[in-house]
Amino acid sequence: MNNLFSQFWPYTIDGLSLGAIYALVALGYTMVYGVLRLINFAHSEIFMVGTFAVLGTLHLFGMPANVGGFALVGLVLALAVAGGVASGGSAVLLEYVAYRPLRRRGASRLAALISAIGASLFLQQLFARLVIPKAFNLPKEKGALPVQGHFAHKSDVVHIGGFELPNDKLIVIVGAVLMMIALDMFVNRTKLGRGIRATAQDPETAVLMGVNIDRIVTATFALGGAMAGVAAALYMLRFEETRFDVGFLLGIKAFTAAVLGGIGNLRGALVGGIVLGLIEMYGAAVFGSEWQNVVAFSVLVLVLMFRPTGILGESLQQARA
Amino acid sequence: MRSRFFTVVGVVAASATLALGASACGGKSKSGGGDSVTIGFMGDLTGENSGLVIPPKQGAQLAIDQYNATNPKVKITLKTYDSQGKGEQAVPLAKQAITKDKIAGLIGPTFSGESAQADPVLEEGKVPNISSSATNAALATHGWKFWHRVIGNDNVQGSGIGEFIASSLKAKKVFIIDDASEYGKPLAATVKSTVEKAGAQTSGDSIDVQGSDYGATVNKVKAFNPDAIFFGGYYAQGGKLIKQLREGGVKARFLSGDGSLDKGLAQGAGGTNADGSVIGCPCLIDPSGTASAASKKFATDYKAKFNADPAIYSAEGYDAATAYISAIKAGNTTPEKINDYLSKIDVPGVSKEIKFSSTGEPTATDVYVYQVKGDQLPLLGNAKNATVK
Numbered sequence: 003m004n005n006l007f008s009q010f011w012p013y014t015i016d017g018l019s020l021g022a023i024y025a026l027v028a029l030g031y032t033m034v035y036g037v038l039r040l041i042n043f044a045h046s047e048i049f050m051v052g053t054f055a056v057l058g059t060l061h062l063f064g065m066p067a068n069v070g071g072f073a074l075v076g077l078v079l080a081l082a083v084a085g086g087v088a089s090g091g092s093a094v095l096l097e098y099v100a101y102r103p104l105r106r107r108g109a110s111r112l113a114a115l116i117s118a119i120g121a122s123l124f125l126q127q128l129f130a131r132l133v134i135p136k137a138f139n140l141p142k143e144k145g146a147l148p149v150q151g152h153f154a155h156k157s158d159v160v161h162i163g164g165f166e167l168p169n170d171k172l173i174v175i176v177g178a179v180l181m182m183i184a185l186d187m188f189v190n191r192t193k194l195g196r197g198i199r200a201t202a203q204d205p206e207t208a209v210l211m212g213v214n215i216d217r218i219v220t221a222t223f224a225l226g227g228a229m230a231g232v233a234a235a236l237y238m239l240r241f242e243e244t245r246f247d248v249g250f251l252l253g254i255k256a257f258t259a260a261v262l263g264g265i266g267n268l269r270g271a272l273v274g275g276i277v278l279g280l281i282e283m284y285g286a287a288v289f290g291s292e293w294q295n296v297v298a299f300s301v302l303v304l305v306l307m308f309r310p311t312g313i314l315g316e317s318l319q320q321a322r323a
Numbered sequence: 025m026r027s028r029f030f031t032v033v034g035v036v037a038a039s040a041t042l043a044l045g046a047s048a049c050g051g052k053s054k055s056g057g058g059d060s061v062t063i064g065f066m067g068d069l070t071g072e073n074s075g076l077v078i079p080p081k082q083g084a085q086l087a088i089d090q091y092n093a094t095n096p097k098v099k100i101t102l103k104t105y106d107s108q109g110k111g112e113q114a115v116p117l118a119k120q121a122i123t124k125d126k127i128a129g130l131i132g133p134t135f136s137g138e139s140a141q142a143d144p145v146l147e148e149g150k151v152p153n154i155s156s157s158a159t160n161a162a163l164a165t166h167g168w169k170f171w172h173r174v175i176g177n178d179n180v181q182g183s184g185i186g187e188f189i190a191s192s193l194k195a196k197k198v199f200i201i202d203d204a205s206e207y208g209k210p211l212a213a214t215v216k217s218t219v220e221k222a223g224a225q226t227s228g229d230s231i232d233v234q235g236s237d238y239g240a241t242v243n244k245v246k247a248f249n250p251d252a253i254f255f256g257g258y259y260a261q262g263g264k265l266i267k268q269l270r271e272g273g274v275k276a277r278f279l280s281g282d283g284s285l286d287k288g289l290a291q292g293a294g295g296t297n298a299d300g301s302v303i304g305c306p307c308l309i310d311p312s313g314t315a316s317a318a319s320k321k322f323a324t325d326y327k328a329k330f331n332a333d334p335a336i337y338s339a340e341g342y343d344a345a346t347a348y349i350s351a352i353k354a355g356n357t358t359p360e361k362i363n364d365y366l367s368k369i370d371v372p373g374v375s376k377e378i379k380f381s382s383t384g385e386p387t388a389t390d391v392y393v394y395q396v397k398g399d400q401l402p403l404l405g406n407a408k409n410a411t412v413k
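Protein chains in written order, with my numbering: chain G, 3 to 323; chain C, 25 to 413.
Pulled out of the complex, with its shape left as it was, chain C reads as follows:
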């Protein structure tokens, strides 16, 4: 009861703030000679996972500020909605954005769970939305016309990592472990089917995220004696798993997906246990700008503006904003016109080519791999052609 009470209070307070903000902005938008269009950004901006959401927000901010600095006919205002990553807050905020703020498009919601709840509202309100980081594969299966994302889904990630294991690592025996979660299990299954298609032999096990002893799994890995181990799950368990595997004398290369793309992986593994492990992600984190010229320019501009390196999903946030910018540049300012434009868009982005299939998925299937070194995770390259050192 109490938590619901606070939720309600929070929403009311948030709506009040937004209403004030909206009226203040409304006054400004027509003044100063040019028209302006409002684009929203929704995600967990202050909660415990805000570390995953501030970077894409900053990426989007950078793109829009750069565009506004060119003094265009129609300027863009970025309006943020703090959903705390929760569906029950994202839904009223989405309604607010559509009816009161009259946004022309939304970047976000950033997580898959809140997306599943807020996207139907946006669909009904006919407001285009582009998520920078919601990777659940099922989001594309609802036939939504206004929904898009600029990040490969979990299936794309799984097959990208699977191909990397088979062709770059040339592993013949792969042990697949999952954490029995809604995220980890299908990801591990896709990796498994991909490496099997490439002719590798597999075996597997599931771990209990609540437990601390993975001895049974370690013994199974030892019996199978694989060349590579893939773990579908999050870094907290991934780190412990690496630790116990190495203590058990298993030397095979450890790989995992974006749930393990965190410094906590190496910390949990302890010492140099995690070194050399390869983590795949459909996201591009490239502070040194080695991936492409566009990535280099983005990294330099981002550093100059925020005095920090681009982090997880900042390139995707930039790309999502770029999609709206090119729509507005082409003279589309209403939600429906922008959405029509998005169905035909084809412009180069930082992380990938910005082009959507009819379901709203990006057509590019780039997956990037990162290799653990100390507690850092430097980019190794695109999974299609990266090689491990």
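Bound-form chain G, shown alone:
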């Protein structure tokens, strides 16, 4: 308890920056679920691909070290673009290879779920056995080890009313919130966004109204994947290390955040991510870090008991412009 009160601000900042990353990844789960009623379990690997794209971009820049201030903001922007393109692209490819053929043949949702799990394992092992050793010139058996890329200068601190805010966490929180707002506006204000909402609401009617479902599904995967790519850039800024199974635990947490906020609901993903991040940190402060996950999932169960549809509940198909 004492820990929580004496270090309340750092715990809050840590919770917010962790929650912001959960929220961005949660968007991918929530959007795909909203449109296809499918839980895309390979989304965690889409995130993993993003972290490696970010690492590769850093190497292209000659592995800069100790970047601080506005140069860091610029660099993170470039990394976010690289991560977004790589993750968005691989999400589209994933949909094309693993889900579309099943959808065309009218396979059951369970088949798509198994396909998702298979794609997830495939991507993990492909990276551990082939891509990582090749790309980083490592001996084959070292592909499962973490790969580092240290680039940020992190001792800069921004002072806000007597509180200290480390630069990397500030960039993570601000970056994630900006992406969320942009996506929310895109889905609510553009023609393509309207198509996504229409498909989520009632796919058959949407088709009758002239919506091209395949295009909408591709766009959904691309957008969700791009968000995971941005999350990957922010994650690499925060932790500067990745490995082939980096997405596993984070994916489960992000999926939890999506359910906690209300699956299918974009704003719910933000709320769910932030709430989950804060609960984890406060829970760890009071009960010890080893109880972090126990506390978080207990809260999830409690919330679902009283609000089975999540905190915000309302889903994508009901969202109005």
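It is worth saying that the hints were derived from the structure and are not from the lab.
Heads up, the beta-carbon is just placed ideally off N, CA and C, and yes, glycines get one too.
Among the hints, erroneous ones may be present.
Which chain C residues face chain G? A few, computed with CB under 10 Å, are given here [stated by the list, open to error]: (1) ILE201; (2) GLN225; (3) THR226; (4) GLY228; (5) ASP232; (6) GLN234; (7) SER236; (8) ASP237; (9) TYR238; (10) THR241; (11) VAL242; (12) LYS244; (13) PHE248; (14) GLY263; (15) LYS267; (16) GLY292.
With chain G held as given, fit chain C onto it using these hints.
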């Protein structure tokens, strides 16, 4: 299913190879005027942790080659068994070694997990075995008569590091972190009780090895404001932990145990974050030979033979082989006679005095400390009298 199939195939193939090898050797052993005795070496020689096993194998090889070069009455043949570090492979290989190859003694198995499975077989077969690197404390509690090790167990390590923190670093407030593993948790607990006995104040936390954010732990450390931090766990998490502690503005000295004795610690920490951290290990890695004259000679001979610096556990592998050599020199060539000799042995080794207690533990309790500098881990000295610069 598939993996079991391959295991079976692997074992059959390995047995076939061994049988061929054994018959070939069997022909040679009585020829050339002298008798010979076979000593086995078992460990992960080709798997992903072979980096921890090749050095002790080379240490043992060096000791035996040096002995054979003196043209003794009874020569020693070193026979290797590649267990891949897995208990299910170590067990059939141990049976093979006892019944077919009729080894007089075994160096290994090298890891604690495979030891727990293969040691009962060796006990039943009445074959003495000396491990160069299995440090789990519980291995000594089974009442095995033929089991020995030439490395201090995790409790010895924990109290050695704890004493170093209390007496050399003179830390009054120590924050203890563990990774909640079977290795890290008891090690951290021993360090904690040792520094508390010396009058230090402690606080602690456990981290989740799967997680990547240790922010909660960092904030706790900040609130406690310790002089020293001990982490019981492996280097992959240790490096990340150092990084996040330093980023959080924590400047206290970081210490850890042999699980963190790896270049990966400094790589994970990034930049110079890990510099000055102190890593303890019951093992002696001393390429420059600063620890003793014996260590100096060992390092020179090892370099001359393998064209590489002695690495982790190579001195212990050498010492385990030395124990068998002195038994054979004293005229003991059967497993049971060698085992009797081991219960009374008292000879100087490279890493420590070779002398066993009745449970098979080494009586020497030396723990060595290493200080991170760049991505290197040079020896600082024996934890009993080393001082940090």
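Which of the numbered hints are not met once you compare them with the structure shown?
-> Hints 2, 3 contradicted; others consistent.
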